[in-house]
Amino acid sequence: MSPAAKLSSWQELNPATRRAVMTSIALLALALGSIFLLLLPAKRESRRLATAVAAAADDLDAQRAKIKQTAPRRQEAEALEAELDALRQGGVLEPLLGSYEMRGMSLLQPIAESNGVALVGGSVRRLPQLPLGGGSPAQGRLYARQPLEFTASGAYPRLAAFIRDVERAHPMATVSSLRIVAQARDPEVQEMTVGIEWPVVAPPPAPEKKGK
122 MSPAAKLSSW QELNPATRRA VMTSIALLAL ALGSIFLLLL PAKRESRRLA TAVAAAADDL
182 DAQRAKIKQT APRRQEAEAL EAELDALRQG GVLEPLLGSY EMRGMSLLQP IAESNGVALV
242 GGSVRRLPQL PLGGGSPAQG RLYARQPLEF TASGAYPRLA AFIRDVERAH PMATVSSLRI
302 VAQARDPEVQ EMTVGIEWPV VAPPPAPEKK GK
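Counting from 1 along the sequence shown, just add 121 to a position and that's the residue number in this note's numbering.
Think of the hints as simulated: they come from the structure by calculation, not from any bench. Keep in mind that this is a model prediction, so the values were computed, not measured. Where is the CB? At the ideal position from N, CA and C, for every residue including glycine. Fair warning: there could be bad hints in the mix.
[Said to hold, decoys possible] Listed next, with one range per pair, are the computed distances between beta-carbon atoms:
1. Ala203 x Pro231: 21 to 27 Å
2. Arg169 x Ile146: 33 to 39 Å
3. Val174 x Thr138: 48 to 54 Å
4. Arg300 x Glu199: 40 to 46 Å
5. Val322 x Arg194: 26 to 32 Å
Take the sequences, apply the hints, and build the full model.
Right, dumping it as structure tokens:
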């Protein structure tokens with residue numbers, strides 16, 4: 122049908138029918154416009170939610186990556202803490218029944234026996250504690266050096282092996298003095314006096330007296 126024929130057909134309709142058709146078209150356009158206006162905020166909200174979900178997914182991936190990095194660091198920190206505790210437990214000398222001399226003998230006696238060296242138990246001497254030095258004292262627990270003097274006897278190679286094994290078994294201990302004297306009654310046996318210093322927990326400093 123040509124446009125002219127369509128126009129003629131439209132004009133042939135009575136006014137009431139044409140008004141009804143126009144009203145229907147207007148209502149349809151209004152309905153479509155209303156639907157579009159209703160869907161537009163929902164579409165915007167959908168885009169916003171999609172953006173938020175994508176950002177949350179990226180953040181989750183970043184957190185997972187951090188967790189993967191944190192686990193090895195935590196294990197490394199725990200290993201270092203365990204190593205430090207072992208050094209503290211194995212290196213810091215603690216009194217045995219209130220006696221540093223007894224503790225020192227209990228640590229060195231097995232090493233002496235394994236090297237064929239005889240320790241003289243009654244000759245252990247505790248010398249005055251010495252400060253660690255190194256400037257101003259640190260905050261918290263304080264440490265000092267505690268020298269102990271031991272007397273032992275044995276062949277020179279055995280005495281040397283004894284000192285070597287003491288240093289290996291107690292890496293934080295230090296041989297501070299050493300004197301070996303030959304025995305006239307038995308040239309194969311020497312008497313050794315050795316001073317060994319251990320780190321110990323120092324007593325807290327006395328509080329400073331306030332001036333009157």
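| task | Check each numbered hint from earlier against the structure, then list the numbers of those it violates in ascending order. | result | none
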